[in-house]
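S.K.: Sequence:
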Amino acid sequence: MRGSLHFIFYLFFAGIAQGQVTLITAVKDREYRVGEQVTVNFVLRIEGQDLVQESPLYLPDFSKFQVVGNASERNAFIDPAKKIAVNQVVYQWVISPKNPGRQRIGSAMVDVSGVRYKTEPIDILVRENMAPEKPARQEGGQVHLAMHLNSKNTFENQPVVATVRAYSTDYNKLRNVGKVHWQAQSGVTVTPVSLEKAEIEQDEESKMASQVIAVLTIIPDKLGEIELNPVMAEYRTEQKPVKLFTNKQKLVVKTLPGKAPKTFDQTVGRYKMSLTGKNVRKKVPLNKPIDIYLKVSGEGNLSVDKLPGLLESDDYTFYKPKISTELIDTEMGKSGVYTAHYIVVPKKSGMLSIGTEGLTFFNPKRGEYKEISGKTLIVEVQEEAVGSNTAVMQRVNDYSNSVLQTVETPVLGTRKLIIDRDEGISWSTVLGNFGIFAVAAGALGAGFYYFRKSRAKVPQGEDSALSLAETEKLLRDRQAPDISADLEYLSKLIREGNIEEFFKTFYTMDFEVNEFLVRKYRQNTAQYLEDKYGYALAQRYAQLISRVKIEKYSPMREADTPAYLLEEAKDIFSQIK
998 MRGSLHFIFY LFFAGIAQGQ VTLITAVKDR EYRVGEQVTV NFVLRIEGQD
1048 LVQESPLYLP DFSKFQVVGN ASERNAFIDP AKKIAVNQVV YQWVISPKNP
1098 GRQRIGSAMV DVSGVRYKTE PIDILVRENM APEKPARQEG GQVHLAMHLN
1148 SKNTFENQPV VATVRAYSTD YNKLRNVGKV HWQAQSGVTV TPVSLEKAEI
1198 EQDEESKMAS QVIAVLTIIP DKLGEIELNP VMAEYRTEQK PVKLFTNKQK
1248 LVVKTLPGKA PKTFDQTVGR YKMSLTGKNV RKKVPLNKPI DIYLKVSGEG
1298 NLSVDKLPGL LESDDYTFYK PKISTELIDT EMGKSGVYTA HYIVVPKKSG
1348 MLSIGTEGLT FFNPKRGEYK EISGKTLIVE VQEEAVGSNT AVMQRVNDYS
1398 NSVLQTVETP VLGTRKLIID RDEGISWSTV LGNFGIFAVA AGALGAGFYY
1448 FRKSRAKVPQ GEDSALSLAE TEKLLRDRQA PDISADLEYL SKLIREGNIE
1498 EFFKTFYTMD FEVNEFLVRK YRQNTAQYLE DKYGYALAQR YAQLISRVKI
1548 EKYSPMREAD TPAYLLEEAK DIFSQIK
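The sequence shown runs 998 to 1574 under our numbering.
Since the hints were made in silico from the structure, they are not lab data. We treat Cβ as the ideally placed atom computed from N, Cα and C, and that holds for glycine. Check before you lean on any hint, since a few could be wrong.
[Claimed, not checked] Quick list of simulated restraints, FRET-style, between CB atoms:
1. V1064 - Q1524: 52 to 60 Å
2. T1322 - K1256: 30 to 38 Å
3. P1282 - S1060: 48 to 56 Å
4. F1261 - G1221: 17 to 25 Å
5. A1068 - K1219: 39 to 47 Å
6. Q1524 - L1192: 17 to 25 Å
[What the hints assert, rightly or not] The calculated DSS-like cross-link candidates involving lysine-lysine, where the alpha carbons are at most 25 Å apart (straight line), are:
7. K1319 - K1256
8. K1280 - K1345
9. K1292 - K1319
10. K1292 - K1303
11. K1259 - K1345
12. K1567 - K1529
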């Protein structure tokens, strides 16, 4: 490692450092091959005794690389020129790119005396190890397809990532490739991760342009060598679409290592499980239903029919659960949360124990089996106190009804009022009533005339008052979301360790910003960023949303991942005005 530091120190003392704290990223070259080792050095230099490093180094996302190893070296010395103490740390990581194309090594971050410092991201160009294999049929002429696997040796039920790439010497012909299809075959399950086209890449040496048109996961369910069917895409021409096919690939499927537990049911991935109930912290009444939620989160090949269930018991009964899923397709299989909603009815009072079955899976990254024991939820059940009160009220109602039916109700006597009929007409009374009616009518007419006359004096301009609905809409359109306050609250949630609330708040902020931009500019967030700041920032926004969606349901997220997502969100959302 010491020999490789000369290059870093040369960069470091060449004038890059500014101020008392400096954090830089250095790589020796900017072009590599798939599988070639890349040495990445993060150099932190702190000058002065008053400055204290308050956090470990927050690493960038290495999901597109294979991590080979890492090391670190710390040096403390006195700068002879400045006569101040210097603390210097070099973090070295050796990584290997998985796929060809332009790959980004993101920003590393560190907190020093209340201030966060970060490096600039570095882009490297990753080339193929060898020329792509051409399929047997090439009806598209100057365009051909190739399928690349991230691994040709895998375990049973372990996902393999297949990247479908289009090649052409003519940059523009790649725009006519689309509609990717694949044939179903026994022994494997093919699921699309992404069918969106990536950016077109140009190889300066061979002058060959290429573009990723699909990313698939292939999950084998039988042992031995499997020949994968080629993937097909359509090439649009002026006459009719032409079918293009990728090369065939062979996949060697190995049996899982070691002796599998008896409870193992071919589930591969990483998962965790929880059991919760609604209002179970209080005492629950006997024979009343309870809502119980069994959640399994993670990523892999777990399916609904393999979910663990509740254990049978004489102390309670339950009904068939309602199962809901929040899943996305990733390179590790299906990632997200399975939720089984049970209705449980207690049959005896006292402390009730509700248990679940266990879950066993094989973790391919660690190469070991993992058994999660069943979860238990303790609920206190009591005789229904409210029920006894209800019974008393029912007896009172019954007694009242009996009294009303048996006791004679007295009948009150009535008198008939007889009015003597007078055949004569009093003309004085008639004339008096007519006079009163005339005065009332005159007063009413005068009042109506005055009202019409006064209303006519009010000027009727073209700009009349807005209606209540129009006013509310105008206020909504003018009211912009407080992005800075939202970002500050997200920082607070990370400091408090409330990660679940962090993701909820992020989605709320993103939704409100998107609604505001649609109302004000008739553009969603991605369209606004691309129109005002260019394609690169819009692409960063799309990648951020995708990463947040994956990390929200990931059971094994790194501790510094939310902080990295927040920094990326600050860079992007702060551009929105």
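S.K.: Does the structure keep K1319 and K1256 at a Cα separation of 25 Å or less?
M.R.: 34 Å, violated
S.K.: Between K1280 and K1345, is the straight-line Cα distance small enough, at 25 Å or below?
M.R.: 13 Å, holds
S.K.: A range of 52 to 60 Å was offered for this pair. Does it hold for the Cβ distance of V1064 and Q1524?
M.R.: 36 Å, violated
S.K.: Holds or violated: K1259 with K1345, Cα cutoff 25 Å?
M.R.: 34 Å, violated
S.K.: Per the hint of 17 to 25 Å, is the separation of the Cβ atoms of Q1524 and L1192 within bounds?
M.R.: With a Cβ separation near 21 Å, Q1524 and L1192 satisfy 17 to 25 Å, so the hint holds.
S.K.: Holds or violated: K1292 with K1303, Cα cutoff 25 Å?
M.R.: 13 Å, holds
S.K.: Regarding T1322 and K1256, is the given constraint of 30 to 38 Å on their beta-carbon distance met?
M.R.: 32 Å, holds
S.K.: Using the C-beta atoms of A1068 and K1219, is the stated range 39 to 47 Å upheld?
M.R.: 41 Å, holds
S.K.: In this structure, is the beta-carbon distance linking P1282 and S1060 contained in 48 to 56 Å?
M.R.: 49 Å, holds
S.K.: Decide if the proposed pair is consistent with the structure: K1292 and K1319, CA atoms, cutoff 25 Å inclusive.
M.R.: Holds - the C-alpha atoms of K1319 and K1292 are around 12 Å apart, at most 25 Å.
S.K.: If you check the beta carbons of F1261 and G1221, does the distance land in 17 to 25 Å?
M.R.: 20 Å, holds
S.K.: Take a quick look at whether K1567 and K1529 sit within 25 Å of each other, Cα to Cα.
M.R.: Roughly 17 Å separates the two Cα atoms, so the pair holds.
The structure shown violates the earlier hints numbered 1, 7 and 11.
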